[in-house]
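Student: Just so we're aligned, residue 0 is where the sequence shown starts under numbering that gives the first Met the number 0, counting upward by one.
A hint or two may mislead.
[Claimed, not checked] Under the rule of at most 20 angstroms between Cα atoms (straight-line distance), these lysine to aspartate or glutamate pairs were calculated in the EDC-like manner: (1) K171 x E151; (2) K164 x E151; (3) K184 x D107; (4) K213 x D182; (5) K164 x D101; (6) K184 x D78.
What the hints contain is simulated information worked out from the structure, not anything from laboratory work.
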Amino acid sequence: MNAKARSGIGVQGHLLLNDGKLYLAGGNAVSPGIYDASNGKCLINGDFLDNCQSVSIRGWELYLIGDKIVVGGQPFYGDPNYSVMDATVFEKALHTTTGEKDILWMNDNEIRCYNPIDKKILNNCVSEREFPGNFIVRSWGKLDIENKPVWEHKCEGSVAVALCKNAVVVAKENEVIALDLKDGKTLWKHPLPVSPVRWGIAVGSNGHIILTLKNGSVICIG
0 MNAKARSGIG
10 VQGHLLLNDG
20 KLYLAGGNAV
30 SPGIYDASNG
40 KCLINGDFLD
50 NCQSVSIRGW
60 ELYLIGDKIV
70 VGGQPFYGDP
80 NYSVMDATVF
90 EKALHTTTGE
100 KDILWMNDNE
110 IRCYNPIDKK
120 ILNNCVSERE
130 FPGNFIVRSW
140 GKLDIENKPV
150 WEHKCEGSVA
160 VALCKNAVVV
170 AKENEVIALD
180 LKDGKTLWKH
190 PLPVSPVRWG
200 IAVGSNGHII
210 LTLKNGSVIC
220 IG
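Kindly produce the complete structure, drawing on both the sequences and the hints.
Tutor: Structure (structure tokens):
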């Protein structure tokens, strides 16, 4: 991307497709990398790399908040068992929606359900940093939403979340829980023999919950 600096975009985590663009968590030099999804062309000018300094957030996770892509989480090149004590790692927010209800997963510790949040409010929660296109959540993961949530659920140590038509499924280190989308009440829970890997959850078309665990096994529930 910049021959003089011998630097560019690394393959350092999540891919996220939004509004005709493909985003890639790219490490501490350039992140996120941004590409035209129709032809693969890189949409970032690498001239700023001449400064030979790290200006990007190095985490391997990508979050869509409003129209903005926010980088966060652990560095992909680090040992996941040794947490990096950085606000960009342990303070973050995932926003997703069914259209009728909006869900926020806050800092791996809490699920909040809201009536639909105006996109302008979500965009105003995000600030652009020195490098154009590099965004952070203001106050690191503390979204400024005035309306009270419909319901809240504490889930300290949660590692993965999936939104379904009528439920939110939360994977924790020792169990997986399904919450009713209407009121947050527990529909069911199932113990886990080993903690899932981070983001290691998927939902099949028949409603089965599929989890990838840290011991390399895959289990199906439901």
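Student: Could you tell me which of the hints above the structure violates, numbers in ascending order?
Tutor: 4, 6
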